[in-house]
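The primary structure of each chain is shown beneath.
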Amino acid sequence: MSGGEPLLEVDGLEVTYQKGDLSHVALQDMSLQVRAGEILGIVGESGCGKSTLSAAVMRLLAANGAITAGSIRLKGQELRSLQPAQLRQIRGREIAMIFQDPLTSLNPTFRIGTQLVDAQKAHMSRRSRRGLDRELRRRAIDMLTQVGIPDAQERVDHFPHEFSGGMRQRIMIALALLLEPALLIADEPTSALDVTLQAQILELLSRLRTERGTAIMFISHDLGVVSQLCDRVVVMYAGQPVEEGDVASVFERPLHPYTQALLGAIPSRKRRGAALVTIPGRVPSLADLPQGCRFADRCQFVQDVNRGAAPRYVGVDGRRVRCNIYDPESGYRPAAAVQESIS
Amino acid sequence: MAAPALAVRPRRPLPGLASLQQVTSRPAGLFGLAVVLGLLVIVVLGPLLAPYGYSEQNIGERLQGPSAAHLFGTDQLGRDLLSRILVGTRVALGVAVPAVLGALACGLVIGVIAGYVGRWVDNVLIVVMDTLQAFPAVVLALALLAVLGASLQNVIIVIIVSFAPGYARVARALVLVAKENAYVEAERALGAKDLRIVLVHILPNIIAPMLVLVAMDIPAAIAVEAGLSFLGVGVQPPTPSWGIILSDGFERARETPWPIVFASLALMVTTLGFTMLGETLRDVIDPRIARVRRWRRTV
Amino acid sequence: MLVYLLKRLGMTLLVVVLSMVFLGLLVHLVPGDPVKIILGPRASEALSALVRQEMDLDEPVLVQVWNFMVGAAQADLGQDFASRLPVTEILANALPHTVILALASLGLAVLAGVPLGVFAASHPGTWIDRLTGAVSVSLITMPAFVAGLLLLLLFAVSLDALPAVGSGSFSDPADYVRHLILPSVALALTWVGYLARLVRVNMLEVLGSPYIRTSEAFGLRPRLIFYKYALKNAIIPTIAMLGFGFGNLLGSAVFVEIIFSRPGLGTLLVDSIETRNYPIVRGAVLVVTVLVVLANLLADLSYRLLDPRIRLAGKEA
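Line order of the protein sequences matches chains H, P and L. At position 8 of the first sequence the residue is numbered 8 (the working numbering), and the sequence of numbers has no breaks. At position 7 of the second sequence the residue is numbered 1007 (the working numbering), and the sequence of numbers has no breaks. At position 222 of the third sequence the residue is numbered 2222 (the working numbering), and the sequence of numbers has no breaks.
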């Protein structure tokens, strides 16, 4: 169900955080595209910049963060040049976001009905708001039922803490869907839930795409979930995208050594008895990034050329990889062993 | 295989204590420190700085406003106000500091016992502390002074009794947290005696936050002493407490405002200085304490 | 919730009972003849005998305390030494003035302090914020009786605009209010500073929380977020603090009543200490303490009622 002009296009995005005199770049050279009706997965470990990405797209960065380069285009419209009032119209209506921790994402002193109705009212002009309370409430109850909240008619007047974590996440999804956004950003929506609930939420998201054609940007650190749900995936490392492609190819034939290592690290029945693979070393601190390839210190295929200039994000077989191995112009000398592992 | 990590006690002499630089880098801290140091100078040099004796009467010059001879004016007995206020600093701090330190000591002992021993001892102590705290400080002070009689020493005792429960509660809370620390359990497992654990491991870790409370409570104690002396049940004349100066001034408010004005200024600058210092210390040592804190007693 | 209520009431009762015990024991806490302690060293024989009988000082200590408590439970706090009037009656006449003063101050403090704090929170880090902060701190550190004295000097003595003495009478409400202005403002000043800071801190904390971020992510207008979604969350702990500080308020009220020569529990307490009228001292302290304890209870309950998380705890799906 994908194809046509990209719904969201991020190009060369760079985000910098300021702390006193120090600044560090949390996101660099970030590029991706999301098409209508497509589910794009963003994968990476903590601190790789995936949450910064979602905040940047929504233009909701923390006070000490700023977009220092690049563009974000939604349906062709450049978001960086919009005024606050215009951005407010987009938030919720065109792009909606689901947060990671359902237990703290809803206002504890207001009933969920109030919060759902207010979200709708926020996007209507003052005149059209009048007298519509009942209708908006009905829509809220409707949506709650659709996401699987039982007895929605009654429970719409309850407070958030009267619901379990899984239910609260569904309420968040209901909130996100009420305005029928074209793009849904789900920032680790299932990380705080147990496996059964996780499955239910994933199923819900999948249905959204099928039934409403909603595009989803699904952010997670869980490769298994991403492989189940997403059409395409972007792998991130230390603030940059390092590999991108459709899920099947990336997972079966990972190109970037980091992706390979990640996939190798997943415990699997097939390799029972073998030692668990780990990636040696640590993610470089964003305040102290190395020149050249950021993964070089931990890469098993490292060569001197990798520590020199930063690798380019090149296209390979309809995918993209940020790795000198695949860049014929980088000066990397692929050895036979490397050839084997990538074929 | 690596040996399991030991629960090692952090090796700092007094964990959490602020550095001088941290305090002076903030304007509030700088101001507070300057005021407190200035007050210390006045306390130490007191009578040497005063142009007249504090009880030197000169009826002919009574109730004058500020002049070259008397910078702050004179009171109803012709005594120089500047001198009285300067010496009054000694009274104020001489009551407040020992009183608050005494409250700290008592509260610490009670709180540590309650927190460390626990069980019924804890429950009993909590109830007693709660009851004492149910009386407003001033009211409790008045009741106690009614039976003890009015004097400077009794004011100190009364302040100790009012303020100690507050320290006891904070100490108890801190001890409860410190008790759970791994190294305490490790020491216990090694058979260390309770007293040693308390003195060597628990106390150093809870001292810093409590010292912040001290800095914040001194202005409250100064205000309480001034208030009680104002009412006539605190420090007795001829000792020049600021409260007494205010009381004398109050009686003659229609004739001259100056005793009230200058004594108020002295009180306010002093409390402001200590408060700023205390707050800066608190912000530097542990911002979290701001929340745990109960409302300070002020008069 | 009900269980909690009962536990809390039980604790409250216990504290009140213990206060009575403490007050009953007070004269015995100090070494010496209780009669001398109460009346001072130069008491006449007749008066001493009266006091001894009045306060059951010939009985064992425990019986004295018990009698006091039983009497207090029946609203009989003895008779005062001088006029032989029932203490309860004397206290009942003074109590309303004190309560009115306290409530008026509280009201003023809220009316001035809360908007000030909200205002500072809406302009964090600016000179407005810093100025409000400085004003708040100055107000907090000024003891109420100093505020009272200064106000007296300014408005009553210099400007002669407001009355300095007495409370007026209930039969003339307007006059009563005129007499109420200076004392309640004096009491309220400290609180204004404290409330402003509290509200500001709570607001800033709330504004940084995840659920406010959710509101922003859905395009709600900033004013709506600030004045509806954030404020409600910040106000709840503030209200609780009001109740807990009531004890301090009453303590300061003692001074303000003296300074403005207002009738009330404070004036009564101080006067009776001077005249060594011990039953009134004891009774007044008891009444004040009970008021404080009740205020604390109310504050705690209001906090639990207002915060839906606590009110409805245990109803999770």
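Since the hints were made in silico from the structure, they are not lab data. Take the hints with a grain of salt, since some may be wrong.
Claimed, not checked - List of simulated lysine-lysine pairs, DSS-like, C-alpha gap at most 27 Å:
{"no.": "1", "chain 1": "P", "residue 1": "K1179", "chain 2": "P", "residue 2": "K1193"}
{"no.": "2", "chain 1": "H", "residue 1": "K121", "chain 2": "L", "residue 2": "K2007"}
{"no.": "3", "chain 1": "L", "residue 1": "K2036", "chain 2": "H", "residue 2": "K121"}
{"no.": "4", "chain 1": "H", "residue 1": "K75", "chain 2": "H", "residue 2": "K121"}
Unchecked claim - Facing chain L, according to a computed beta carbon distance under 8 Å, are these residues of chain P, among others:
{"no.": "5", "residue": "Q1076"}
{"no.": "6", "residue": "I1157"}
{"no.": "7", "residue": "P1257"}
Said to hold, decoys possible - Residues of chain H clear of chain L, computed beta-carbon distances all greater than 12 Å:
{"no.": "8", "residue": "A36"}
{"no.": "9", "residue": "G47"}
{"no.": "10", "residue": "P160"}
{"no.": "11", "residue": "P328"}
Ideal Cβ placement from N, Cα and C applies to all residues, glycine included.
How the hints compare with the structure:
{"no.": "1", "hint": "K1179/P / K1193/P", "verdict": "holds (14 Å)"}
{"no.": "2", "hint": "K121/H / K2007/L", "verdict": "violated (44 Å)"}
{"no.": "3", "hint": "K2036/L / K121/H", "verdict": "violated (76 Å)"}
{"no.": "4", "hint": "K75/H / K121/H", "verdict": "holds (24 Å)"}
{"no.": "5", "hint": "Q1076", "verdict": "violated (16 Å)"}
{"no.": "6", "hint": "I1157", "verdict": "violated (11 Å)"}
{"no.": "7", "hint": "P1257", "verdict": "holds (5 Å)"}
{"no.": "8", "hint": "A36", "verdict": "holds (21 Å)"}
{"no.": "9", "hint": "G47", "verdict": "holds (19 Å)"}
{"no.": "10", "hint": "P160", "verdict": "violated (8 Å)"}
{"no.": "11", "hint": "P328", "verdict": "holds (43 Å)"}
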